[in-house]
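K.L.:
Given next are the chains, with one letter for each unit.
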Amino acid sequence: AQKITQTQPGMFVQEKEAVTLDCTYDTSDPSYGLFWYKQPSSGEMIFLIYQGSYDQQNATEGRYSLNFQKARKSANLVISASQLGDSAMYFCAAYQGGKLIFGQGTELSVKP
Amino acid sequence: EAGVAQSPRYKIIEKRQSVAFWCNPISGHATLYWYQQILGQGPKLLIQFQNNGVVDDSQLPKDRFSAERLKGVDSTLKIQPAKLEDSAVYLCASSVKTQETQYFGPGTRLLVL
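Listed in order, the protein sequences are those of chains A and B.
Residue numbering for the first sequence is 11 to 122, as defined by the numbering used here.
Residue numbering for the second sequence is 9 to 121, as defined by the numbering used here.
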């Protein structure tokens, strides 16, 4: 069964610096996709970025990029030039049996 | 394009009372999901609809929770009677079809006293 692991409960980063949030997954499916969501304190889950297992290149969306290492089953989110508004919970997720399975999340705090 | 709408945003009730949440998905999205998110955890799927049919309700506590999507557009999730452990954020999401990117609404924060 799909399992999503986020080993960093909390992270701090200085404003304007880059930060990497870790995510590992465990699936036997030959084809799969990985998602990252941001959840600010307001509660809404905001879709950030998607990586397909057969995509040739790492996904990028503005300041967000995915460091996808298929052999290691990791899909780490990289946020460049951190902003105060990036402070939030970040969840990695993937489909398993039609259900979107989420990791436990990482709380990111951006310091001025 | 309008996002997923949910109401109410906040609700406080006493245990054994009933409560209902409403969700209107993004226009044209066939698949609708209800999640429960306990504080400090990732969301957990309660029920998934494809148009007006239930695809997966295996994790829905059917003795107290019910949901419907009668016309294949908006949906209602009901809890009756509520328990203390139902205190959580209830998130609604939609996608064009199954196994595609899900877009979430703002959620309803429920507190059961």
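In case anyone wonders, no lab produced these hints; they're calculated from the structure.
It is possible that part of the hints are untrue.
What the hints assert, rightly or not - Selected chain B positions facing chain A (Cβ under 7 Å, derived; list incomplete): (1) Gly50; (2) Leu68; (3) Ala96; (4) Thr109; (5) Pro114; (6) Gly115.
What the hints assert, rightly or not - What follows is a list of derived Cβ distance ranges for each label pair: (7) A/Asp36 - B/Gly48: 38 to 44 Å; (8) B/Gly11 - A/Gly62: 21 to 27 Å; (9) B/Ile46 - A/Glu25: 28 to 34 Å; (10) B/Leu121 - A/Gly62: 43 to 49 Å; (11) A/Gly62 - B/Leu47: 30 to 36 Å.
Glycine included, every Cβ here is placed at the ideal spot set by N, Cα and C.
K.L.:
All hints are to be evaluated individually against the structure, with a verdict given for each.
P.N.:
Hints versus structure:
| no. | hint | result |
| --- | --- | --- |
| 1 | Gly50 | holds (3 Å) |
| 2 | Leu68 | violated (13 Å) |
| 3 | Ala96 | violated (11 Å) |
| 4 | Thr109 | holds (6 Å) |
| 5 | Pro114 | holds (5 Å) |
| 6 | Gly115 | holds (4 Å) |
| 7 | A/Asp36 - B/Gly48: 38 to 44 Å | violated (22 Å) |
| 8 | B/Gly11 - A/Gly62: 21 to 27 Å | holds (24 Å) |
| 9 | B/Ile46 - A/Glu25: 28 to 34 Å | holds (31 Å) |
| 10 | B/Leu121 - A/Gly62: 43 to 49 Å | holds (45 Å) |
| 11 | A/Gly62 - B/Leu47: 30 to 36 Å | holds (32 Å) |
Violated hints, in rising order: 2, 3 and 7; the structure is consistent with all others.
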